[in-house]
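Make the full structure from the sequences, and use the hints.
Quick mapping for you: the protein sequence lines, in order, are chains A and B. At the far end of the first sequence sits residue 141, using this note's numbering, and the numbering has no gaps. At the far end of the second sequence sits residue 1021, using this note's numbering, and the numbering has no gaps.
If you are wondering where the hints come from, they were derived from the structure by calculation, not from laboratory data. Note that CB positions come from ideal geometry on N, CA and C, so glycine has one too. Be aware that a few hints might be false.
Here's a subset of chain A near chain B, in silico, CB distances under 7 Å, partners left out [claimed, not checked]:
| hint | residue |
| --- | --- |
| 1 | 62 |
| 2 | 63 |
| 3 | 66 |
| 4 | 113 |
| 5 | 128 |
| 6 | 129 |
| 7 | 132 |
| 8 | 133 |
| 9 | 135 |
Restraint-style ranges between C-beta atoms, simulated for each label pair [claimed, not checked]:
| hint | chain 1 | residue 1 | chain 2 | residue 2 | range |
| --- | --- | --- | --- | --- | --- |
| 10 | B | 937 | A | 76 | 39 to 47 Å |
| 11 | B | 978 | A | 26 | 34 to 42 Å |
| 12 | B | 1021 | A | 63 | 41 to 49 Å |
| 13 | B | 925 | A | 41 | 47 to 55 Å |
Residues on chain B that point at chain A, a partial pick, calculated with CB under 7 Å [unchecked claim]:
| hint | residue |
| --- | --- |
| 14 | 937 |
| 15 | 940 |
| 16 | 950 |
| 17 | 952 |
| 18 | 957 |
| 19 | 1001 |
| 20 | 1011 |
| 21 | 1013 |
| 22 | 1018 |
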Amino acid sequence: KAGVTQTPRYLIKTRGQQVTLSCSPISGHRSVSWYQQTPGQGLQFLFEYFSETQRNKGNFPGRFSGRQFSNSRSEMNVSTLELGDSALYLCASSLRGTSGGPSTDTQYFGPGTRLTVL
Amino acid sequence: GESVGLHLPTLSVQEGDNSIINCAYSNSASDYFIWYKQESGKGPQFIIDIRSNMDKRQGQRVTVLLNKTVKHLSLQIAATQPGDSAVYFCAENNRAGGFKTIFGAGTRLFVKA
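Right, here's the structure in full:
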C-alpha cells in the first residue's frame, strides 16, 4: 500500500507570496492532519480534516488554511508569506474516526514539503 | 496547558548498548501514546504505540513503558545500531475537543560505532 505523498518536496517563495501544498493520504484513510516543523518550535499542529470538514485546528493565524477533497486528498494554503513561515510542512493521515479504538489513531506521515521564504 | 516534554534533548550511546529515551506528559486524559522516529530529510515514522490501559508493550528491539502515576513514557531500544540514529518523538492522543495529537520536542539519538 502506498504511503502518504506530498508535493512539492521543496519550494522557495518570497515574502508576500502565497503557496499551496498538496497531500495524498494512504488509501482508505479519511483523516488528514497538517503540521509545521521548525528547529525552534518542533512539531506544531496546524489542522485536521476528516470527510472534507475541518475537525480540529491549532493556534495558527488565518493566513494558514486548508481543505480536503472527496477523495481525501488535502491541500493547505499559506497566504502573505512571512520569513518565519520557512519550515518543513508535514502531512499525516490516519483512519481515525472511521472505526473505533485508539489503535486506529496512529498517524502516518509523508516526507514533508520544505518551504523556504526569502 | 497540555504538553508533552522530553527529559533529554540529546542522547549518545555506543553501538550494541541499550538506549532509553524518556518523555513526560501532563494531560492525564490522554489515552494513547506513540513513539516516532525521524531521520534526516524524512517525515516521522511510527515505531510503537501503547494504550493507556497498558503499562508495557514490546516490538522488535523496542519496548515502550507507560507509568500513568507519574505521567511518564519511555522508549527502550535494545542493541542500538547506527541505523537507529535519528530524532525520536513521543506523542499523546487526547480525544477531548476532537482527535488531537501533541508531540514532544524530540530527542536526538547518536549511536557511536
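Evaluated hints:
Using the Cβ-Cβ criterion of 7 Å, the hint placing residue 62 of chain A at the interface with chain B is not satisfied: the shortest such distance is roughly 10 Å. Against a cut-off of 7 Å between C-beta atoms, the interface hint on residue 63 of chain A is violated, since the closest Cβ of chain B lies about 10 Å away. The beta carbon of residue 66 of chain A is positioned within 7 Å of a beta carbon in chain B (closest approach about 4 Å), and the interface hint is therefore held. Of the supplied interface hints, the one on residue 113 of chain A holds, with its beta-carbon coming within about 5 Å of a beta-carbon of chain B, less than 7 Å.
Hint on residue 128 of chain A holds. Least Cβ distance to chain B is approximately 5 Å, under the 7 Å limit. Satisfaction of the interface hint for residue 129 of chain A is found here, the shortest Cβ-Cβ separation to chain B being roughly 6 Å, below the 7 Å cut-off. Because the smallest distance between the Cβ of residue 132 of chain A and any Cβ of chain B comes to about 4 Å, under 7 Å, the interface hint for this residue holds. Contact between residue 133 of chain A and chain B, as hinted, is supported at the beta carbon level, the nearest pair being about 5 Å apart and thus within 7 Å.
Hint status for residue 135 of chain A: holds, given a least beta-carbon distance of 5 Å to chain B, under 7 Å. Taking 39 to 47 Å as the suggested C-beta distance range, the pair residue 937 of chain B and residue 76 of chain A does not conform, at roughly 24 Å. In this structure, residue 978 of chain B and residue 26 of chain A meet the distance hint of 34 to 42 Å, their C-beta atoms being roughly 35 Å apart. A beta carbon spacing of about 30 Å between residue 1021 of chain B and residue 63 of chain A contradicts the range 41 to 49 Å that was offered as a hint.
The supplied range of 47 to 55 Å is met by residue 925 of chain B and residue 41 of chain A, whose beta-carbon atoms lie about 49 Å from each other. Evaluation of the residue 937 of chain B hint against chain A yields a violated restraint, the C-beta minimum of about 13 Å exceeding 7 Å. Because the smallest distance between the Cβ of residue 940 of chain B and any Cβ of chain A comes to about 4 Å, under 7 Å, the interface hint for this residue holds. Satisfaction of the interface hint for residue 950 of chain B is found here, the shortest Cβ-Cβ separation to chain A being roughly 6 Å, below the 7 Å cut-off.
Against a cut-off of 7 Å between C-beta atoms, the interface hint on residue 952 of chain B holds, since the closest Cβ of chain A lies about 5 Å away. A least Cβ separation of about 6 Å between residue 957 of chain B and chain A falls short of the 7 Å threshold, and the interface hint therefore holds. The restraint placing residue 1001 of chain B at the interface with chain A holds, with a minimum CB-CB distance near 5 Å, inside the 7 Å limit. Taken as an interface hint, residue 1011 of chain B checks out: its beta carbon lies about 4 Å from the nearest beta carbon of chain A, inside 7 Å.
Given the 7 Å rule on beta carbons, the hint for residue 1013 of chain B holds: about 5 Å separates it from the nearest Cβ of chain A. A least Cβ separation of about 17 Å between residue 1018 of chain B and chain A goes past the 7 Å threshold, and the interface hint is therefore violated.
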